[in-house]
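A.B. asks: Chains as they are written, first to last, in my numbering: chain A, 1 to 429; chain B, 1 to 429.
Since the hints were derived computationally from the structure, they do not count as laboratory data.
All values reported here derive from a predicted model rather than from experimental measurement.
Positions of the beta carbon are idealized from the N, C-alpha and C atoms, including for glycine.
Just so you know, not all the hints are guaranteed correct.
[What the hints assert, rightly or not] Subject to a maximum C-alpha distance of 30 Å in a straight line, what follows is the list of computed DSS-like cross-link-like pairs (lysine-lysine):
hint	chain 1	residue 1	chain 2	residue 2
1	A	K156	B	K398
2	B	K156	A	K33
3	A	K33	A	K273
4	B	K44	A	K44
5	B	K40	A	K172
6	A	K191	A	K329
7	A	K329	A	K282
8	A	K251	A	K313
9	A	K172	B	K398
10	B	K40	A	K168
11	A	K252	A	K218
12	A	K265	A	K329
13	B	K168	A	K33
14	B	K44	A	K168
15	B	K272	B	K229
16	B	K272	B	K282
17	A	K114	B	K398
18	A	K156	B	K33
19	B	K218	B	K40
[To be verified] Among chain B residues calculated to face chain A with C-beta under 8 Å, some are:
hint	residue
20	Q31
21	S32
22	T36
23	R39
24	L43
25	L84
26	E94
27	R129
28	G131
29	Y359
30	P392
31	P396
Protein chains: 2
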Amino acid sequence: MSANVLHPVPHLTTALNGPLFHIETLMLEHQSKIETWLRKEWLKHPAPFYTSVDLRNAGFKLAPVDTNLFPAGFNNLNPAFLPLCIQAVQAAIERLCPEAAQILLIPENHDRNKFYLESLATLHEIISRAGFTVRIGSMNPELEQNREISLDSGRKIVLEPLVRIGNKVGVKDFTPCLVLLNNDLTSGVPKIFENLEQVITPPPNLGWKHRSKSNHFKHYQQVANEFAKIIDIDPWFIDPLFRNCGEIDFKKREGENCVAKNVGKLLVNIEKKYKEYNIEQKPFVIVKADAGTYGMGIMTVHDPAEVTALNRKQRNKMASAKEGVDVSKVILQEGVYTNETWQEPDSVAEPVVYMIDHYVVGGFYRVNTKRGDNENLNAPGMQFEPLAFVEPCNNPNKDMSPDAEPNRFYAYGVIARLAQLAAIREIAE
Amino acid sequence: MSANVLHPVPHLTTALNGPLFHIETLMLEHQSKIETWLRKEWLKHPAPFYTSVDLRNAGFKLAPVDTNLFPAGFNNLNPAFLPLCIQAVQAAIERLCPEAAQILLIPENHDRNKFYLESLATLHEIISRAGFTVRIGSMNPELEQNREISLDSGRKIVLEPLVRIGNKVGVKDFTPCLVLLNNDLTSGVPKIFENLEQVITPPPNLGWKHRSKSNHFKHYQQVANEFAKIIDIDPWFIDPLFRNCGEIDFKKREGENCVAKNVGKLLVNIEKKYKEYNIEQKPFVIVKADAGTYGMGIMTVHDPAEVTALNRKQRNKMASAKEGVDVSKVILQEGVYTNETWQEPDSVAEPVVYMIDHYVVGGFYRVNTKRGDNENLNAPGMQFEPLAFVEPCNNPNKDMSPDAEPNRFYAYGVIARLAQLAAIREIAE
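Taking the hints into account, I'd like the entire structure generated from these sequences.
C.D. replies: See the structure below:
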């Protein structure tokens with residue numbers, strides 16, 4: 001497509017792309033087998049309404065690092081592929097609530113965040129164009145009356161106060177049969193959602209209050225093992241190693257030693273794998289909150305000693321997640337280098353893949369000039385530059401090289417769907 | 001989208017666009033109502049696997065003139081929207097035969113037609129990329145062994161002889177549970193398809209041997225009436241008037257008078273409508289075979305006398321359809337001017353809209369410099385120039401003018417789905 005000439009994709013550091021090229025080759029070769037297996041899995045349990053998955057591409061390894069069931073960032077997708085989103089929303093709602101004509105959308109409360117509001121506007125647009133009447137009901141207790149907000153994109157959205165009438169939630173004169181949550185309920189499920197007689201999706205108990213990353217990655221490990229058998233690879237190429245500890249209190253310095261000890265063990269295991277595949281980079285571990293999102297409380301560790309040497313400011317940062325929720329558990333995860341770069345050689349790019357139902361509908365890169373290749377790119381104040389995928393992820397082309405764009409994007413879509421499958425099993429549990 | 005600048009769409013003659021602008025305005029305004037109604041209809045009976053609909057856009061009127069349940073022409077769609085086709089195929093097969101991994105595709109027998117073969121290759125590509133193993137089994141009795149064909153597009157396809165093993169059809173070592181027909185079985189359902197233990201879609205009895213255009217348009221009339229009530233318009237704006245006669249034999253000149261009489265009545269009815277809406281063009285009638293495709297045996301008539309004044313050559317042409325099948329019944333249909341033009345003012349364009357399942361996945365214009373605005377553009381040897389739609393049909397934009405491209409294409413998609421709904425009811429009958 002000529003669009004590629006205008007919008008080149010980040011290019012992978014070629015020195016290390018041997019194994020990934022191999023994985024992409026196998027994915028392309030076994031595409032029909034992969035898709036058939038995925039379809040069988042979806043028959044057991046349906047996919048959630050939407051999912052976004054953060055990937056890290058090390059060249060020798062392609063792995064998910066976060067799976068979000070209440071995604072934002074829809075405004076970063078390529079507008080050329082909104083029709084794919086629209087079609088997928090139609091399919092999703094047809095399965096979920098076939099008679100629905102109206103949809104209530106419940107957003108995050110941080111409604112002064114202009115990036116989030118742009119995402120909300122795009123989500124509203126997608127669902128409207130799919131042929132539904134959509135209104136936005138905000139749980140924000142500060143919102144006492146309708147608020148129209150003008151966005152930088154020139155669009156306008158209206159937030160209306162969420163109300164409960166009998167066993168239904170809605171906004172004024174609007175209590176539809178289908179409620180779509182775009183709020184990850186970090187602080188738990190509010191009372192207003194108890195015993196509703198409406199379809200509410202994704203279910204409120206999928207909020208981070210009830211999920212944990214270590215449980216998610218336990219399921220992912222199992223999924224990765226099954227998948228690795230299908231295409232006959234070492235599952236490590238798609239699965240980050242991880243460990244977790246029990247309770248931890250960074251402020252009081254309780255549990256630090258357990259973290260340090262496990263970081264040490266994990267580094268040894270990563271080192272072994274690096275030796276097995278002649279990888280010369282330095283292993284590292286990501287320590288992050290076991291529940292939550294927005295990359296608060298995340299650190300990169302190359303040595304167990306770094307954990308016990310944190311200063312007070314760093315410990316306070318590690319201790320707090322979104323909405324002031326305290327971090328009491330952490331997951332220690334193998335750090336995956338990001339070897340995709342964009343324009344300047346030191347500008348790193350991390351793909352984020354979007355799914356609606358089980359359909360991969362697009363994605364974008366978080367591009368960051370100020371961060372290293374071993375750092376998390378989704379952090380507060382991180383100022384990433386979104387770079388929309390130039391091609392969709394569902395259009396692999398066997399006549400092209402396995403690492404040609406459509407096939408690279410297809411590989412992203414496969415790994416993202418494996419992470420989604422882990423979430424599906426988590427939900428079914 | 002910037003693509004518009006590079007690929008302008010045919011422009012509508014503006015002098016006559018008043019009523020159409022009105023219809024498009026209403027469609028946009030009632031989009032959610034329209035889509036909800038369509039969704040309810042699809043719950044009663046599912047959509048066929050694929051459908052293409054020929055439309056005529058007169059500026060004052062937008063109507064379907066043919067509905068094909070075994071479409072070709074997939075190669076004429078915009079490659080940028082193949083992902084939409086891929087996703088729709090995934091949804092369609094998930095509903096039809098969720099465990100399918102392999103698909104047998106049965107093409108038309110006119111396998112020397114390079115345009116058809118390009119369409120077949122694209123269809124093969126779409127289904128493969130959707131994650132299925134596809135092979136092509138040809139019913140052509142002349143095909144005794146596998147034949148690889150190199151296409152002008154640089155692609156290759158392999159036709160394999162269709163065989164029956166027990167109660168299944170297949171090709172060598174390949175008898176999948178799902179068989180996809182891309183052959184409209186003009187000559188009837190061959191024995192090889194009797195009592196199959198496979199899912200065969202669309203069902204073979206939907207071939208033209210069993211369908212008639214007048215039955216289709218009887219259902220369409222009903223659909224158009226229901227739809228017209230929803231958006232409150234005169235159904236005539238979207239529905240071509242029609243009449244039919246009993247048996248006719250053009251060669252023996254039997255039944256000619258009935259045709260002439262009914263053409264006269266139809267012209268009077270069209271004239272009335274033209275007067276009601278101050279349309280100054282001359283009414284005309286299309287006389288065509290009541291069953292069949294490929295525009296054989298089609299004529300444009302402005303006066304009943306033209307029917308009885310046919311010379312022998314014209315009568316022979318009217319008497320024969322595809323594969324030498326005799327025409328014994330005709331449908332007389334209100335001619336709809338095509339007022340879309342492309343580049344040169346005398347080059348007319350006719351939209352063709354494609355659906356997979358109930359999803360509108362794209363379309364193209366048949367552009368013809370040598371034909372008039374009252375002539376059929378799908379005729380043998382007609383040499384049309386395909387011009388892919390630059391935008392999909394599922395992405396209406398209320399912030400733009402009702403006749404802006406995304407909204408014009410949305411209107412096409414609505415009317416095409418009304419024609420498909422008529423076919424759905426025809427099938428359910």
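A.B. asks: Take the hints in turn and mark each one as holding or not.
C.D. replies: Here's how the hints hold up against the structure:
1. Proximity of K156 (chain A) to K398 (chain B) is assessed by CA-CA distance (about 13 Å); at most 30 Å being required, the pair is judged to hold.
2. Taken as a hint, the K156 (chain B) and K33 (chain A) pair is honoured in the structure, with Cα atoms around 23 Å apart against an allowance of 30 Å.
3. A distance of roughly 28 Å separates the Cα atoms of K33 (chain A) and K273 (chain A); the hinted pair therefore holds under the 30 Å criterion.
4. Proposed proximity of K44 (chain B) and K44 (chain A) is supported: the alpha carbons are some 26 Å apart, at most 30 Å.
5. In summary, the hint linking K40 (chain B) to K172 (chain A) is supported, as the alpha carbons are separated by about 26 Å, within the 30 Å threshold.
6. This hinted pair checks out: K191 (chain A) and K329 (chain A) have alpha carbons roughly 25 Å apart, not beyond 30 Å.
7. For a cut-off of 30 Å, the pair hint linking K329 (chain A) to K282 (chain A) stands: about 26 Å separates their Cα positions.
8. For the given pair, K251 (chain A) sits about 9 Å from K313 (chain A) by alpha-carbon distance, which is consistent with the 30 Å threshold.
9. For the suggested pair K172 (chain A) and K398 (chain B), the alpha carbons sit about 23 Å apart, so the restraint of at most 30 Å is met.
10. Between K40 (chain B) and K168 (chain A) the alpha-carbon distance is near 23 Å, which keeps this suggested pair within the 30 Å criterion.
11. Straight-line distance between C-alpha atoms of K252 (chain A) and K218 (chain A) comes to about 29 Å, which keeps the hinted pair within the 30 Å bound.
12. About 18 Å separates the Cα atoms of K265 (chain A) and K329 (chain A), which keeps this hinted pair within 30 Å; it holds.
13. Our distance criterion of 30 Å between C-alpha atoms is met by K168 (chain B) and K33 (chain A), whose separation comes to about 23 Å.
14. A distance of roughly 28 Å separates the Cα atoms of K44 (chain B) and K168 (chain A); the hinted pair therefore holds under the 30 Å criterion.
15. For the given pair, K272 (chain B) sits about 21 Å from K229 (chain B) by alpha-carbon distance, which is consistent with the 30 Å threshold.
16. Distance check on the hinted pair: K272 (chain B) and K282 (chain B) sit about 12 Å apart at the alpha-carbon level, within 30 Å; holds.
17. Between the alpha carbons of K114 (chain A) and K398 (chain B) the distance comes to roughly 23 Å, so the proposed pair stays at or under 30 Å and holds.
18. The suggested pairing of K156 (chain A) with K33 (chain B) holds, with an alpha-carbon distance near 23 Å, which does not exceed 30 Å.
19. Using a Cα cut-off of 30 Å, the hinted pair K218 (chain B) and K40 (chain B) holds, with the two alpha carbons roughly 21 Å apart.
20. A least Cβ separation of about 6 Å between Q31 (chain B) and chain A falls short of the 8 Å threshold, and the interface hint therefore holds.
21. A distance limit of 8 Å between C-beta atoms decides the matter here; for S32 (chain B) the minimum to chain A is near 5 Å, and the interface restraint holds.
22. Annotation: interface hint on T36 (chain B) holds; nearest CB of chain A at approximately 4 Å, less than 8 Å.
23. Interface restraint check for R39 (chain B): the shortest CB-CB distance to chain A comes to about 7 Å, inside 8 Å, so the restraint holds.
24. Because the smallest distance between the Cβ of L43 (chain B) and any Cβ of chain A comes to about 6 Å, under 8 Å, the interface hint for this residue holds.
25. For L84 (chain B), the interface hint holds, since its Cβ comes within 8 Å of a Cβ in chain A; the closest pair sits about 6 Å apart.
26. For E94 (chain B), the shortest C-beta to C-beta distance to chain A is roughly 7 Å, which falls under 8 Å, so the interface hint holds.
27. Checking R129 (chain B) against chain A by beta carbon gives a least distance of about 6 Å; that is within 8 Å, so the hint holds.
28. Given hint, G131 (chain B) at the interface with chain A, holds; its Cβ is 3 Å from that chain's nearest Cβ, closer than 8 Å.
29. At its closest, the beta carbon of Y359 (chain B) sits 6 Å from a beta carbon of chain A; the interface hint therefore holds under the 8 Å criterion.
30. Hint on P392 (chain B) holds. Least Cβ distance to chain A is approximately 4 Å, under the 8 Å limit.
31. Hint on P396 (chain B) holds. Least Cβ distance to chain A is approximately 6 Å, under the 8 Å limit.
The structure meets every hint from the earlier list without exception.
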